[in-house]
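There are 4 protein chains.
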Amino acid sequence: MVKGRLRVAILGVTGMVGQQYIRMLEDHPWFEVTTLVGSRSAGKLYGEAVEWIDSYEPPKRIMEMPVNVADPEGEDVDLVFSSLPTEAAHQLDTRYAARFPTVSDASSYRMEADVPLLIPEVNPDHLGILDVQRRNRGWRGLLATSPNCTATGLVTVFKPLHDAYRIRKAVISTMQALSGAGYPGVPSLRIVDNVIPYIKGEEEKVAAETKKMLGTMSGGSISPDPMDMAVMVHRVPTIDGHLESAYIETERPVNVEEAKEVLREFRGKPQEMRLPTAPERPIIVREEDDRPQPRLDRMAGSVPGMSTVVGRVRRGVDDHSLRLTLLSHNTIRGAAGNTILIAEMMRELGYLG
Amino acid sequence: MVKGRLRVAILGVTGMVGQQYIRMLEDHPWFEVTTLVGSRSAGKLYGEAVEWIDSYEPPKRIMEMPVNVADPEGEDVDLVFSSLPTEAAHQLDTRYAARFPTVSDASSYRMEADVPLLIPEVNPDHLGILDVQRRNRGWRGLLATSPNCTATGLVTVFKPLHDAYRIRKAVISTMQALSGAGYPGVPSLRIVDNVIPYIKGEEEKVAAETKKMLGTMSGGSISPDPMDMAVMVHRVPTIDGHLESAYIETERPVNVEEAKEVLREFRGKPQEMRLPTAPERPIIVREEDDRPQPRLDRMAGSVPGMSTVVGRVRRGVDDHSLRLTLLSHNTIRGAAGNTILIAEMMRELGYLG
Amino acid sequence: MVKGRLRVAILGVTGMVGQQYIRMLEDHPWFEVTTLVGSRSAGKLYGEAVEWIDSYEPPKRIMEMPVNVADPEGEDVDLVFSSLPTEAAHQLDTRYAARFPTVSDASSYRMEADVPLLIPEVNPDHLGILDVQRRNRGWRGLLATSPNCTATGLVTVFKPLHDAYRIRKAVISTMQALSGAGYPGVPSLRIVDNVIPYIKGEEEKVAAETKKMLGTMSGGSISPDPMDMAVMVHRVPTIDGHLESAYIETERPVNVEEAKEVLREFRGKPQEMRLPTAPERPIIVREEDDRPQPRLDRMAGSVPGMSTVVGRVRRGVDDHSLRLTLLSHNTIRGAAGNTILIAEMMRELGYLG
Amino acid sequence: MVKGRLRVAILGVTGMVGQQYIRMLEDHPWFEVTTLVGSRSAGKLYGEAVEWIDSYEPPKRIMEMPVNVADPEGEDVDLVFSSLPTEAAHQLDTRYAARFPTVSDASSYRMEADVPLLIPEVNPDHLGILDVQRRNRGWRGLLATSPNCTATGLVTVFKPLHDAYRIRKAVISTMQALSGAGYPGVPSLRIVDNVIPYIKGEEEKVAAETKKMLGTMSGGSISPDPMDMAVMVHRVPTIDGHLESAYIETERPVNVEEAKEVLREFRGKPQEMRLPTAPERPIIVREEDDRPQPRLDRMAGSVPGMSTVVGRVRRGVDDHSLRLTLLSHNTIRGAAGNTILIAEMMRELGYLG
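Residue numbers (my numbering), protein chains in the order written: chain X, 614 to 966; chain G, 614 to 966; chain L, 614 to 966; chain P, 614 to 966.
Please keep in mind that the hints were generated in silico from the structure rather than gathered at the bench. Be aware that one or more of the hints could be misleading.
Which copy is meant is left open, so a pair is good if it fits within one copy or across any two.
[What the hints assert, rightly or not] Cut-off 20 Å, straight-line C-alpha distance, at most; resulting in silico cross-link-like pairs (SDA-like, lysine to any residue):
{"hint": "1", "residue 1": "LYS813", "residue 2": "PRO800"}
{"hint": "2", "residue 1": "LYS818", "residue 2": "GLY832"}
{"hint": "3", "residue 1": "LYS673", "residue 2": "GLU901"}
{"hint": "4", "residue 1": "LYS616", "residue 2": "HIS641"}
{"hint": "5", "residue 1": "LYS673", "residue 2": "GLU900"}
{"hint": "6", "residue 1": "LYS882", "residue 2": "HIS703"}
{"hint": "7", "residue 1": "LYS824", "residue 2": "ASP931"}
{"hint": "8", "residue 1": "LYS813", "residue 2": "GLY751"}
{"hint": "9", "residue 1": "LYS673", "residue 2": "ARG620"}
{"hint": "10", "residue 1": "LYS818", "residue 2": "ASP902"}
{"hint": "11", "residue 1": "LYS657", "residue 2": "GLU725"}
Generate the whole structure from the sequences, applying the supplied hints.
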């Protein structure tokens, strides 16, 4: 244990996102993984329990740590990251939050009125809702959440455009990577030479979460943004990286070159605070005709997988509309990476005690 | 030569679409392939020249036919199918059309004012423009064209919806198959574990061709439909079958169940005339959440590859909008099959002399 | 029920192989599916229970049949096809065999001394062991088995070469399709942009089953062939069709052109008897440098999926060795198709009562 | 130009291997890229000429360098790396070698009697043949070559086994990555849902090169090793990393655990000399049943892509045979990386002047 580091428990540690937590926290300056929690694998060592599917090799220290059954009341840690399956998260996230600062990328509590749903660059002010949460719930800890892996990149790109032009309507079509379905996830027989135009519950989640994150905070509650959103999701045979095509209509007239500049210039609190997991640029704009592409761009940027890459910014159907393509790494910025960034921001703002 | 059959020349016969012509005309009741034309392969036998990439094995008769250099003035046939590359088509399609009824799936002349761009179920009345063409050009033959492989399925689905509800705006996102890029086409290194959000010129073509085909014919010219269209195209690693997600806004209110009925009931002239290559149902509507899928549905229907499969018909953002997913086989209905169907209709209507 | 047809029960009917039974028996002249048995799906209609993953659409009659729990003592059928998982097959195959002629493609009883393991073209004489089986077991029915999907094509090709040249040693490397792992089978995250050099228990099975099928029957028992076999298996991202490269050493000198002739001329009892599911040629020899290929050749031949395609027949390291590549459809000839062919042969030979 | 660094020209710099040279030499302590040579792209800047297909982004300095036409007599450099296509290499490699130390991964001169074919860990003594080369050719420079991308990993693994057990016969089956075919290389339509059991000339090259590299040097010439080799090659849909299954027969009896130790302990001159591009371990042995796998293991080791990963070491058919699976990165150790390592070794041994 390095002195001064916060002790971290990871819930759901053998899953796809759990594996990203292990990788991203290996040399973290502030956080140190001290507790591994998994349901089916409890009692085994991590190295026995995990079906590791990345070329990165996990550290020996972690491979030899035991995986424990969840024990919210018995844990002794400073911070909890949860990437439990929805059901389990529904039962456990609040029990952990009652005692510890807990940041979850599960969907279970994202839409609760007193739970902030955060992208640190986009809506850090929504942290304010934690005061309400504490009053409501009487917890010693707290619960913050990270959005759906499809909403993360989308909202990052929408934020500066919304501020500049006010988005009235958005039509989104996604081409989502296999790792977004977890492990074992999509059977290979379903996806070789194929595309599946459906992911259960995803379209509703993306629309609702986007509106919440772009919503305004006032008087202890968040009013969702009123934009119209039509989302159409698809699973494609890529390993990592959700590609999304967006058509937007704006209140104010929009100029393509200016819009690219707006995206390129976007910075948020994590950049300002120089957080360890903050990429230099939250949004990378490419000028080539045929970018972003998942295999080439998903690890772009100064912190691989934390930047959203945007390309093909072009006219929509008139001066009040725009088309663009964006790519966001679904298990990094779309899950573990964003959650870690939330925790880093909360630490700097004094929320971790 | 079977008596009474029309003698057919195929231009660009060694390409991906050329191979579909060979397959679809093998036992055709009205047409018989008697001349093969190809540029790079001229002088070889077809079996030597072609890089066959389908599990269907071409007939011995064709494999042993010579591939000739183009000779529009010297040919002796009754009908010409052209699937030449754009450049070559630009030079040769009109020279063939000057002497023979010619149906082309090349893009070169699709947008010419006096050249009909046809889906037989959608706009058979546009054939009327051929009178103008003959007056203008003084040809003994004629030139009709078949649309871009992405527009074909799209317009087939839009036609009945447009008639019923009047489409005002459409946002389309495509996931297009590899065979749409011809052969050799997309290098494998570009597309394994990847999606490419760009196909040169495709977005403009799809929008312009859709508006022309849904346009109204009057006084010897076609006025394009005024709908707004935003098209966003992508190449995905599927072999055949273009998948497209559409969001539409309509003038009249639209009910989901009724819209499905409208699609299901759609029939056109080819069905009425019982043309040999006409599918029983131009549109097949699936009720499952996760259909259509390219690998499962691209060969659906009574004439494999000729029906468009529609699924996930659902609400857009209000009562005047709709989302749906459609799938159309790009080298069959999107090219060779539609062209053959045009020729069949023209024969029945007396255009083939 | 068509008069005169045998009533068939399919065990494990919702799996990958079960789906092939449904397809192949749809219009079978002698057999009619009357009973569907599945464990997890019992109580549902077939259409609700099955995760259909083929472009072929199953007939409405079957989709509306109930799936029953296994009830060997209560069934009323003339013939049973079993494609149960190994565990279930271990418990149920013999209980069904005690009452009905049962043909199984499960591995559970393949290596039992009194159970024939059959490829109808290769070792029909092994049916003779059924006399011993009846004496041993006192069954009213019988149990015959179909080999591992990797052994089927291999042994079909080895049989004529073994007869002609006597194989002393064989080194086999396989590239096996995803459907060989059943459904859900291989997670897509494991196999996109990847090859897995391992399939549990497969190398041992292929070697042992090959030797049994090429073994000689005498005095009521089968002596396995003594050839040396080294098998190396791999899973690759193809949907269907196991590709195998073989290096063999022979006792007698082998000439490449002659060996191709030997393969080409090979015929067996199913061809002689003109069985409904027998392909005209059990082995198709291709002369091209780059064939067979799974996507192009897996459905080759007069009964799609029932022929083994061989190519690249070439010298090994001297005059007593040979290299070649073979392809066999793993769920057709490698499972359902071979099992049906066994039953057809048994019917003609009077084994089905 | 960093003082003391050798000035390097790269021939064929826009190809797949050329791109690896750029990446691997970016921060090289001894070598600095000062000249880019390419035929089709001459006259353009590198950034315009190259079709970059890796997620690594090349440095700005290189992107803005001009690509020149080959000019062997006019160049001013200290070292030449050639990855020209075979034809061009045939014409240019010797012209460059006449003036400069040249290391080539083209196949053109690999089998010449006075040209060393090198894997630095395997046969550094073959450098001695350069004395003969100088006498024969009267060059101021020299020509050394790097083997075929399939032979590199194979020979690395064979070397210690051959020393320990003397290999008498080897049967190799390969599953080769797409990048091995260069760019554009394999059309995607050929390889999705497919395997191609053929690569032109590859089987002969692998056998001949393996025997040369394992051959003994004496009296100014290299006698190829007499082992029997049967090679069977296949192209599979992986991006990078050639997987190979090997069956070997040995003169001395071989024990599986001991053989793994022999592989694990293998070190060569590059490790001894601590060359910048030398991996700590030339061979990494994995104990898991299902490794190596291309996507997980191709970048393993201390210098990514330079180690060969071996797994599934197991008994062959008796005590004098063995089966194993190996993986080697085809554009790193199989081309650019091995060539750089050769140059590093030559520098330390005083061959670079």
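Classify it for me, LYS673 with GLU901: is the Cα-Cα distance of at most 20 Å met within a copy, between copies, both or neither?
-> For LYS673 and GLU901, the Cα distance is within 20 Å only across copies (16 Å; inside one copy 42 Å).
Between LYS813 and GLY751, at a C-alpha cutoff of 20 Å, which is it: within one copy, between copies, both, or neither?
-> neither (34 Å within a copy, 53 Å between copies)
Have a look at LYS818 and ASP902 and pick one of within, between, both or neither, based on CA distance no larger than 20 Å.
-> between (30 Å within a copy, 17 Å between copies)
Is the C-alpha distance from LYS813 to PRO800 at most 20 Å within one copy, between copies, in both cases, or in neither?
-> both (15 Å within a copy, 18 Å between copies)
For the identical chains here, do LYS673 and ARG620 meet the 20 Å Cα criterion within one copy, between copies, both, or neither?
-> within (18 Å within a copy, 42 Å between copies)
Copy assignment of LYS882 with HIS703, given that the CA separation must stay at most 20 Å | neither (30 Å within a copy, 56 Å between copies)
20 Å Cα threshold - placement of GLY832 relative to LYS818 = neither (25 Å within a copy, 51 Å between copies)
Go through the copies and call it for LYS657 and GLU725: within, between, both or neither, with a Cα cutoff of 20 Å.
-> neither (35 Å within a copy, 37 Å between copies)
Tell me, please, which holds for LYS616 and HIS641 at an alpha-carbon limit of 20 Å: within, between, both or neither?
-> Only inside one copy: LYS616 and HIS641 sit 13 Å apart there, 37 Å across copies, limit 20 Å.
Is the C-alpha distance from LYS824 to ASP931 at most 20 Å within one copy, between copies, in both cases, or in neither?
-> This pair counts as between: shortest inter-copy Cα distance 17 Å, intra-copy 24 Å.
With identical chains treated as interchangeable, where does the CA-CA distance between LYS673 and GLU900 reach 20 Å or less: within a copy, between copies, both, or neither?
-> Intra 42 Å, inter 16 Å, cutoff 20 Å: inter-copy only.
Checked against the numbered hints given earlier, the structure breaks hints 2, 6, 8, 11 and satisfies all the rest.
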